[in-house]
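Sequence lines, in order, name chains A and B. Positions 1 to 419 (UniProt numbering) are the ones given, in order, by the first sequence. Positions 1 to 419 (UniProt numbering) are the ones given, in order, by the second sequence.
By construction, these hints were calculated from the structure, which means they are not laboratory data. Hints are not guaranteed to be accurate.
[Claimed, not checked] Simulated DEER-style distance windows between Cβ atoms:
(1) A:Ser-335 to B:Ala-355: 49 to 55 angstroms
(2) A:Lys-20 to B:Ala-355: 48 to 54 angstroms
(3) B:Glu-27 to A:Lys-10: 53 to 59 angstroms
[To be verified] Among the chain B residues that face chain A by a calculated CB cut under 7 angstroms, a handful are:
(4) Ala-34
(5) Phe-37
(6) Gly-40
(7) Tyr-51
(8) Thr-53
(9) Leu-55
(10) Ala-126
(11) Val-158
(12) Tyr-161
(13) Ile-315
(14) Cys-319
(15) Phe-406
Backbone N, C-alpha and C define an ideal beta-carbon position, used for all residues, glycine too.
2 protein chains.
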Amino acid sequence: MDIGFERREKTRTILVELSKKVKKIGEDDPRRIAHSFKVGLALTLVSVFYYVTPLFDGFGVSSMWAVLTVVVIMEYTVGGTLSKGLNRAIATLVGGALGVAAHQIAVLCGEKAEPILLGLFVFTLAAAATFSRFIPEIKARYDYGVTIFIMTFSLVTVSSYRVDELMQLALQRVSTIVVGVATCLCTSIFVFPVWAGEDLHKLVAADLEKLANFLEGLSTDYFAEKAEVENLESKSFLQVYISVLNSKPTEDSLMSLARWEPGHGRFWFRHPWKQYLRIGALSRQCASSMDALATYITTYPKLKPGTDPDLHLKIRKMCQEMSSESAKALKELSSSIRAMIVPSSASRLASTVVASVGKLEDVLSEDKAMSDVLHLATIASLLTQLVVRAREIAGSVEELARLAHFKRFDPIHEVRVKP
Amino acid sequence: MDIGFERREKTRTILVELSKKVKKIGEDDPRRIAHSFKVGLALTLVSVFYYVTPLFDGFGVSSMWAVLTVVVIMEYTVGGTLSKGLNRAIATLVGGALGVAAHQIAVLCGEKAEPILLGLFVFTLAAAATFSRFIPEIKARYDYGVTIFIMTFSLVTVSSYRVDELMQLALQRVSTIVVGVATCLCTSIFVFPVWAGEDLHKLVAADLEKLANFLEGLSTDYFAEKAEVENLESKSFLQVYISVLNSKPTEDSLMSLARWEPGHGRFWFRHPWKQYLRIGALSRQCASSMDALATYITTYPKLKPGTDPDLHLKIRKMCQEMSSESAKALKELSSSIRAMIVPSSASRLASTVVASVGKLEDVLSEDKAMSDVLHLATIASLLTQLVVRAREIAGSVEELARLAHFKRFDPIHEVRVKP
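Input sequences plus hints: build the corresponding full structure.
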């Protein structure tokens, strides 16, 4: 009895956890719920082909291909659905036409040679098309199309050996696939559309804001005179840039989908999506500098006034100014992207920053003796951080050796092997 | 005539370029050529179902599903083919069984209610399954399976309205899909197999070696007494860590495929693949430190002996020692992973590194006045780099504003809108 109770309790906890998780996923982005219903809707729409007798009589079992197409090409974003839909439609046409041509050639060569020739065609074209998928440009835009091309060509070529009314079958299939693609596109574009381009636009702006938050936190929680530097690890600003560091794959995929999307809202058809990737790359570089700084100040958090409190205060104030001014500039850039308005004062702010960088360099080079060592010392401390990280790698590799049961190196054996 | 000649020349150049590119892709990794032939082979093997009459009589038009399966699940790595193959086989079984059950329920409710009930089932299950794809764990391992589940369930449920011998059709399809999966698996595993796990293993080792090359270059080309620091940008070691920074997506996908692979060669079934991701993450952190250092030394390359040449030489020598020792340690770790041998001297080397870091800190803190400013000055110079990068972002956003025709901000309008 007790065991049964325990088990039920356990199952209940798991179910409660799962439902919390599912709820959170839906709440984080309600468009996900809308997307799920859209897939259901599109599928129900194409299955009408089966339920309505006159329609079914027209298309027959080929109606299946409409259902299949909807399941496979319905993607979360409009760009995703468009790219898959166009790839599928065009690849089916090309593959089908080539398949029919291959069939005609094979028939000309006599009954015995036919299966051999058909096999040879399929082998050659499948191998060549598969190899073409390794070309980066094709991989990025037409990967799905090549798969569908191989599939259609093989299906048409191979079935041509058994099916008599090849052309009729091919036409039926192409038209049902077109119906499937059209259904998906309409549902995708007209029912709560999710635009990849818009997501990319928002992502880039949000990343700039994160960078600004780091710099703002730095100026108020670290460089400010009364800032407590004791519990630095608990400050949220020291973690805020991390998600920016890993944004490359998301940005790349959104950009490749955005290119397929038609103009919508404030975005024209030839919107400069590539420029977002450039801003993204620079943001990541900036985040990587933040990482270096954040690691340094969490390792050595103390800011002691030392023997020259005036110089100390001067540098500290300049650092505060630099970070708060840069934070303002980045915030403005972020909101100017969001509103699609030319950034008005960003260049002014940028020049302020340049001025304070210059001032700082002047202050640091006033004392000649210090300035010379300073440079090398900065390099040394950067190197130290690097080396400490390299040590962590060593620990991690040792852990791997333990987990994967690496062999121990046997020096006696080694000596024997050598001549 | 001239225009025709020019055009022909242009086409020739394009073709020559393309053939060079294709040749390079093949030469970079000859396994790609093997993979293309493997796809052709697997397709030719399953099309035998069409050519041999007794086989075709057994499976009928369902043979099509074997061809379709091969095209869709044949992936570059064994893990990829296995994961897609198992996903497809299991999802087809589950989706098919549920589809038959849905059909039975719908039939019980009478002829008029049947299409409505069938439509309702398809809508609900498709929406629920689509939503489950947003759960990260399902997305990572079973994304393809869920697609196939929706497809099979919809096809079986919807066709059940028109097809009479549902069970026979379902069995034929399942068996042809199993034949397709089996063909792919055999070709994948027994003909020049490409193991995702092995690729991950080699990638992690190669990345460690790249980090080592950076440190080695630093010690011989920058910290060495006679090193020329004039043409730093041309040195290759300053670029070597960049590919490590972007290795996360490749490592993640290889790891998720490696988990599906059976034991092979020196890798057992439960090889600790996750540990490779940990090493990879630490390598990227280390590369990010390298980025900070590389940016700093290319911005301020000069190493002047200054007013205290002894101290200068001391620090420089220590830096050289630190980087060359760390390079040796990383090289050894890399080759110990490659040979799968416990890293023998890595921990010894690591402790040498710790010692020299300590020595360096001692030297720098000897002069009390300098040591205090030094710390703040390091922070200031890191911040300066960061701010310079933030400025580059500003330039890039302005470029976007120009390319995308952002509106100019109109202050008069703004004043009017505000109450």
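So, going through the hints one by one against the coordinates:
1. A:Ser-335 to B:Ala-355: 49 to 55 angstroms: Holds - the Cβ-Cβ distance for Ser-335 (chain A) and Ala-355 (chain B), about 51 angstroms, lies within 49 to 55 angstroms.
2. A:Lys-20 to B:Ala-355: 48 to 54 angstroms: 50 angstroms, holds
3. B:Glu-27 to A:Lys-10: 53 to 59 angstroms: 56 angstroms, holds
4. Ala-34: 10 angstroms, violated
5. Phe-37: 5 angstroms, holds
6. Gly-40: 4 angstroms, holds
7. Tyr-51: 4 angstroms, holds
8. Thr-53: 9 angstroms, violated
9. Leu-55: 11 angstroms, violated
10. Ala-126: 5 angstroms, holds
11. Val-158: At about 5 angstroms, which falls below the 7 angstroms cut-off, the nearest Cβ of chain A leaves the hint on Val-158 (chain B) intact, so it holds.
12. Tyr-161: 5 angstroms, holds
13. Ile-315: 5 angstroms, holds
14. Cys-319: 6 angstroms, holds
15. Phe-406: Hint holds; Phe-406 (chain B) Cβ to chain A Cβ min 5 angstroms, cut 7 angstroms.
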